[in-house]
Every structure is written in structure tokens, then in C-alpha cells.
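Input sequences plus hints: build the corresponding full structure.
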Amino acid sequence: MYLLMQKLGLLVMRTLLKKVYLIGNKSDKVRLADFAAAVALMGTSLDMDAVECVVANLIINNYVKGFLSHKLHVLVLSKSDPFPSISHC
1 MYLLMQKLGL
11 LVMRTLLKKV
21 YLIGNKSDKV
31 RLADFAAAVA
41 LMGTSLDMDA
51 VECVVANLII
61 NNYVKGFLSH
71 KLHVLVLSKS
81 DPFPSISHC
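With the UniProt record's numbering, letter number 44 in the sequence shown gets 44, and the count goes up by one each step, no holes.
It is possible that part of the hints are untrue.
The list that follows gives simulated cross-link-like pairs (lysine-lysine, DSSO-like), each with its CA atoms no further than 27 Å apart [as the list claims (entries may be wrong)]:
id, residue 1, residue 2
1, Lys-71, Lys-26
2, Lys-65, Lys-29
3, Lys-65, Lys-79
4, Lys-65, Lys-19
5, Lys-79, Lys-26
6, Lys-29, Lys-7
7, Lys-26, Lys-65
8, Lys-29, Lys-71
9, Lys-19, Lys-29
10, Lys-71, Lys-18
11, Lys-18, Lys-65
12, Lys-18, Lys-29
Quick list of the computed label-pair ranges, beta carbon to beta carbon [as the list claims (entries may be wrong)]:
id, residue 1, residue 2, range
13, Ala-50, Lys-19, 29 to 35 Å
14, Ala-37, Ser-69, 17 to 23 Å
15, Lys-29, Tyr-2, 31 to 37 Å
16, Tyr-2, Ala-50, 17 to 23 Å
17, Leu-4, Ala-33, 27 to 33 Å
18, Val-76, Lys-19, 29 to 35 Å
19, Leu-4, Ser-27, 29 to 35 Å
20, Val-76, Met-5, 26 to 32 Å
21, Val-12, Asp-47, 16 to 22 Å
22, Ser-45, Ser-80, 32 to 38 Å
23, Val-12, Ala-33, 16 to 22 Å
Keep in mind the hints are simulated off the structure, nothing from the lab. Ideal placement from N, C-alpha and C gives every residue a C-beta, glycine not left out.
Have a look at this one:
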């Protein structure tokens, strides 16, 4: 049951990240501060390290294609299919 809840939480974060990406005019760079603000609107407060951890887990689990720039606090998304279908994950 715990594993299912953890995966669902990641899917919720993926959906939220995708919405931030779409609002940002589909730029290949998403500021982690923008994602953190969206998470805060959901009623969850995360510091920047926790936001990076969530995004890193999304990348590791193949929910998002891209890489993190720790120095710039930016997620750089793949230009082709940055949010693959979750059925392939």
C-alpha cells in the first residue's frame, strides 16, 4: 500500500510540473522556484532541496526527460517528449 501511495504522489507531482511547464509557454527550462510555488499553492511547503529531490525522483523513474542544473536551480527538459506517457514508465 505504501509503494502505491508513493507512486501516486510522484504522479501528482509530475502532473503539477507539466502544468508549470505549459504555463511557461513550453520552455525547455523550468525554474525550480516556479515549481516550488505551485507546490505551495497545493498546501505543501517544500524547501529547494526537497523540490530538487522530487524532480530528481521524477527523472529517475522516467516520468520526466531532462536534467537538473543545481547551480542555476533549473530543470532542463528534453526538446522531444519531455513528459513521456506514464504507461511507458
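Hints broken by the structure, by number, lowest first?
-> 13, 18
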